[in-house]
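If you want the building blocks of each chain, they are given just below.
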Amino acid sequence: MNFVQPIVSRSPSAVSRMVFSSKAWTAVALAATAAICQAQSQPVTSQESAMIGTVTTSTFQVTHESVLLPVNFDVFTRNFKYLLGRYDPDDFALAAVHPKHGMQRLQASQGEQGLMLFQGTNNHGALFATIGQSRKAMRYYVGNPLIALQMTRHNISAALYAPLSILVYQVDENSTRVEYIRPSTLFGQFKIPEIDKVGKTLDGKLSTLLTKAATLKPE
Amino acid sequence: MSETGNGSEIRVESRHLTVEHISVHSVIPYAIARRRLESRLGRLHDGIRKLLAENQIDQVRRELQDAAGSDGLAIHYIGLHGDWLALEGGRSNCTNYLIGNVLYAVQMTKVDLASGLYAPLRVVLYEDAEGGSTFEYDRPSTLFGQFGKAGIDDIARVLDEKLLTLLRGVLDPSVQ
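Just so you know, the sequences run in chain order A and U. Residue numbers for the first sequence follow the numbering used here, beginning at 1485 and rising by one. Residue numbers for the second sequence follow the numbering used here, beginning at 15 and rising by one.
One chain only, chain A, in its complex shape (with noise of 0.2 angstroms):
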């Protein structure tokens, strides 16, 4: 690990800063949460009688990820999506009527770390124009449906946080801030050691993407 930088803190919620090689960040991070997820989930249920159908509440922890890159907006987010896979939602209309044939087709979608670019890509950046401004900042849905249905298979409920959310913006003309919710966190939430699985997969397979997207070079 090439720790450089101390701990600061952050209120409200609790923050640890550090930082981190390119090469140490995979490690570190798959390392940590195996920490996180056995420590920190630790669920409070109650339930509310209502008038109307019924509402339940619990609390998970989680870990928000702010990952600060030494590389151009425009270029991240070109590598970003030329790395990853495009998820078509006719591939899977295919699959459920010619199984071999859709399966065949999912898996030639996918791409980096078996990762697919989902549709509904939100341009925050372009928002900014509604209040005369101007900054570059997308929020895309990255994720693979065979990956999810490992989790939903297990338990329906997984399927809020698939495909998962990453925020990338432009900090200034030589860096990209990335922020994403750290999946095996989200996950783990549902005490399901099959999910564990997969989330901490998805752990690693999220930070190999974002620095092959930072640090890939031009032909």
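Simulated from the structure, these hints should not be mistaken for lab results. In this text, all values refer to a predicted model and were calculated from it rather than measured experimentally. Careful, some of the hints might be misleading.
Stated by the list, open to error - Now the stretches of chain A that chain U is said to cover, found in silico as 3 or more residues with beta-carbon under 8 angstroms: (1) 1561-1570; (2) 1574-1585; (3) 1636-1648; (4) 1655-1666; (5) 1671-1683.
Stated by the list, open to error - EDC-like cross-link-like pairs, simulated, lysine to aspartate or glutamate; straight-line CA separation at most 16 angstroms: (6) K1620(A) to E1657(A); (7) K1696(A) to E102(U); (8) K1584(A) to D1574(A); (9) K1584(A) to D168(U); (10) K1696(A) to E1596(A); (11) K176(U) to D85(U); (12) K124(U) to D168(U); (13) K1696(A) to D1558(A); (14) K1620(A) to D85(U).
All C-beta atoms, glycine included, are put in the ideal place defined by N, C-alpha and C.
Please build the complex by placing chain U on the supplied structure of chain A, with the hints as guidance.
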């Protein structure tokens, strides 16, 4: 810009936060719940995105307000999760939604752009084992609260109220 990146290293900052997860359940059948939700809310449609690209800001604001309707929320995206289970020989009734209000989102992202990770909101609807319907989502104020900014917290509390009111209304068995 509020910060300047420097150096060639990747810097990772991790914040740990407690999130409140909410489930709203009723005996209303899934198909009815889905129809009610999707007919009640407007859509963030491509026409709005086109107007934005053309910089027709006043028209964009009008369209966004119309899309948000009386609930103050619009559907941005619909994902058919349940159909994916057909790949395993099964199928279940499960749909996830991105629901939000762009005008609220901008009010939060202008305070802290990182809040855009949580806007629009994620909501999942599925048919439960008893044949009723359940919505699940994470309470907006517990997601947005991590930024510690009053301008974001105020809107997040409005979203808490609007979303719960909407989903309870959709699942109200007394409504025909």
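Hint by hint, work out which the structure violates, then give me just those numbers in ascending order.
1, 5, 7, 9 and 14
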